[in-house]
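Protein chains in written order, with numbering that gives the first Met the number 0: chain A, 0 to 206; chain B, 0 to 215.
Honestly, the hints are just simulated from the structure, not real lab data.
Glycine residues also receive a C-beta, built at the ideal position from the N, C-alpha and C atoms.
Just a sample of chain A residues kept apart from chain B, beta carbon distances all over 12 Å, derived:
| hint | residue |
| --- | --- |
| 1 | N41 |
| 2 | L58 |
| 3 | Q72 |
| 4 | H90 |
| 5 | A96 |
| 6 | T127 |
| 7 | V130 |
| 8 | D146 |
Taking lysine-lysine pairs in the DSS-like style, the calculated list, with each CA pair at most 27 Å apart, reads:
| hint | chain 1 | residue 1 | chain 2 | residue 2 |
| --- | --- | --- | --- | --- |
| 9 | B | K52 | A | K149 |
| 10 | A | K52 | A | K70 |
| 11 | A | K28 | B | K62 |
| 12 | A | K206 | A | K144 |
| 13 | A | K28 | B | K52 |
| 14 | A | K149 | A | K206 |
| 15 | B | K52 | A | K169 |
| 16 | A | K53 | A | K149 |
| 17 | A | K178 | A | K52 |
| 18 | A | K206 | B | K52 |
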Amino acid sequence: MKKYFAALSTTALICVAPHALAASNTPLKVTGFITPAACDINLSRGGLVDIGKKSVNDLHPTSNTLVDTTKIQLTMACSETMPFMLNPIDHRPNTAAGAGDYFGVGLTPDNEKLGFFDIAITASTADTTPVQAIGSSDGGATWAKQDRIKLGNQSSVAATSDHATRIEVKDLTMDLEIKTYIAGTDTLTIDNEIPIDGLATIEVWYK
Amino acid sequence: MKNHFAALSLTGLIGLVPHALAASSDELTVKGLITPLACTPSLSNSGLVEFGKIPRRDLNVDKRTRLRDQTLDFSIQCSAPGRFALLMRDDREGSAIVNSQIYYGLNYDGSGNKIGLYSLNFNPENTVVDDLSQVFSTDSTTGGAAWSTSSNRAIPIAARSYLGFTDRAGSNAGPIAIRHLTSRVIVETVIAPTSELDLSTLVQLDGSATLEIVYL
Numbered sequence: 000m001k002k003y004f005a006a007l008s009t010t011a012l013i014c015v016a017p018h019a020l021a022a023s024n025t026p027l028k029v030t031g032f033i034t035p036a037a038c039d040i041n042l043s044r045g046g047l048v049d050i051g052k053k054s055v056n057d058l059h060p061t062s063n064t065l066v067d068t069t070k071i072q073l074t075m076a077c078s079e080t081m082p083f084m085l086n087p088i089d090h091r092p093n094t095a096a097g098a099g100d101y102f103g104v105g106l107t108p109d110n111e112k113l114g115f116f117d118i119a120i121t122a123s124t125a126d127t128t129p130v131q132a133i134g135s136s137d138g139g140a141t142w143a144k145q146d147r148i149k150l151g152n153q154s155s156v157a158a159t160s161d162h163a164t165r166i167e168v169k170d171l172t173m174d175l176e177i178k179t180y181i182a183g184t185d186t187l188t189i190d191n192e193i194p195i196d197g198l199a200t201i202e203v204w205y206k
Numbered sequence: 000m001k002n003h004f005a006a007l008s009l010t011g012l013i014g015l016v017p018h019a020l021a022a023s024s025d026e027l028t029v030k031g032l033i034t035p036l037a038c039t040p041s042l043s044n045s046g047l048v049e050f051g052k053i054p055r056r057d058l059n060v061d062k063r064t065r066l067r068d069q070t071l072d073f074s075i076q077c078s079a080p081g082r083f084a085l086l087m088r089d090d091r092e093g094s095a096i097v098n099s100q101i102y103y104g105l106n107y108d109g110s111g112n113k114i115g116l117y118s119l120n121f122n123p124e125n126t127v128v129d130d131l132s133q134v135f136s137t138d139s140t141t142g143g144a145a146w147s148t149s150s151n152r153a154i155p156i157a158a159r160s161y162l163g164f165t166d167r168a169g170s171n172a173g174p175i176a177i178r179h180l181t182s183r184v185i186v187e188t189v190i191a192p193t194s195e196l197d198l199s200t201l202v203q204l205d206g207s208a209t210l211e212i213v214y215l
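Start from the sequences, fold in the hints, and give me the full structure.
Quick look at the structure:
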């Protein structure tokens with residue numbers, strides 16, 4: 000009986016108050032598909048930037064000091080042409096000194112932010128064609144020119160003629176430049192050796 | 000919403016099935032309220048959570064795999080402060096790999112296997128209501144007759160239990176009148192072990208649900 004009522008009432012409701020019916024609910028859809036395809040991603044030099052030992056004497060007292068620039072190549076090889084985006088994860092979250100889209104290198108024993116590193120993309124090639132690096136801050140809905148791998152954004156590539164349209168790729172190379180900065184020493188307590196301890200992961204999202 | 004339906008059904012019932020009504024010697028009472036209150040819920044990205052391609056090799060063979068959590072912005076805008084609750088109806092009912100009113104289905108693969116499940120989680124800590132400094136959630140398994148002790152812990156939205164919000168901690172008084180609510184909700188998605196799926200053809204995640212306002 001209850002169902003009967005409900006069935007009849009729907010008609011009446013639609014006639015009387017279509018706007019109310021449309022407005023009091025909202026859809027949620029969860030989509031995707033499972034595919035045998037996949038991509039392998041690799042960083043040259045084992046993904047390691049070894050800065051060695053830097054003296055406090057060589058650090059700027061009141062502003063950031065660039066202590067190292069290292070070139071690393073990212074390669075991605077997919078089993079078929081795929082839409083992709085690269086998503087960075089900072090395993091030293093909230094330790095970057097300065098802007099929020101840099102990666103942290105850890106804290107001093109006094110919980111000061113030691114510095115940060117930045118990942119620049121200096122050149123990209125997709126399936127033997129030069130392409131440009133782009134980024135999205137909304138999970139891939141919109142894209143703009145972005146020649147860095149930024150925390151909180153995703154990176155992908157587009158034809159050099161159109162930075163707004165992501166292209167699908169089978170094989171990718173990206174030349175990266177990792178720049179590491181140490182914060183001004185007036186913000187740091189350096190009584191003993193302090194490790195520069197950055198760790199980030201770049202993962203592939205297949206969408 | 001349920002009461003709303005009942006009030007409108009009277010005319011239809013008399014008009015369409017007079018014999019059924021005449022044959023009954025019982026009294027028929029139809030009650031309800033029409034409210035001028037209108038609340039509009041909305042989800043960012045049009046409520047679409049898109050995982051794109053999911054490589055089979057990234058999924059566990061013998062156990063379930065949890066995909067990365069997805070967040071959506073959620074808001075409710077009401078025409079005036081009103082008491083309401085939320086629930087979510089599963090348009091793929093029965094296809095979740097765990098049978099619970101907080102788990103929603105992703106439909107079936109080509110051989111009729113259940114693909115997985117997802118849940119939609121509200122966190123009062125991520126929720127802003129009007130000018131309140133803090134928000135607490137409360138739920139009702141009795142259609143709004145009785146309410147759980149309000150708290151600030153995250154709670155998944157259910158298909159039958161009402162979810163409401165209040166400005167009081169530890170209260171059983173149910174939801175307060177709210178005009179604007181904004182929150183970030185988290186979609187947690189789990190895929191069945193691939194050994195239990197037919198991967199010989201394309202397996203499409205196809206979850207679909209409807210988040211609804213219930214006027215109290």
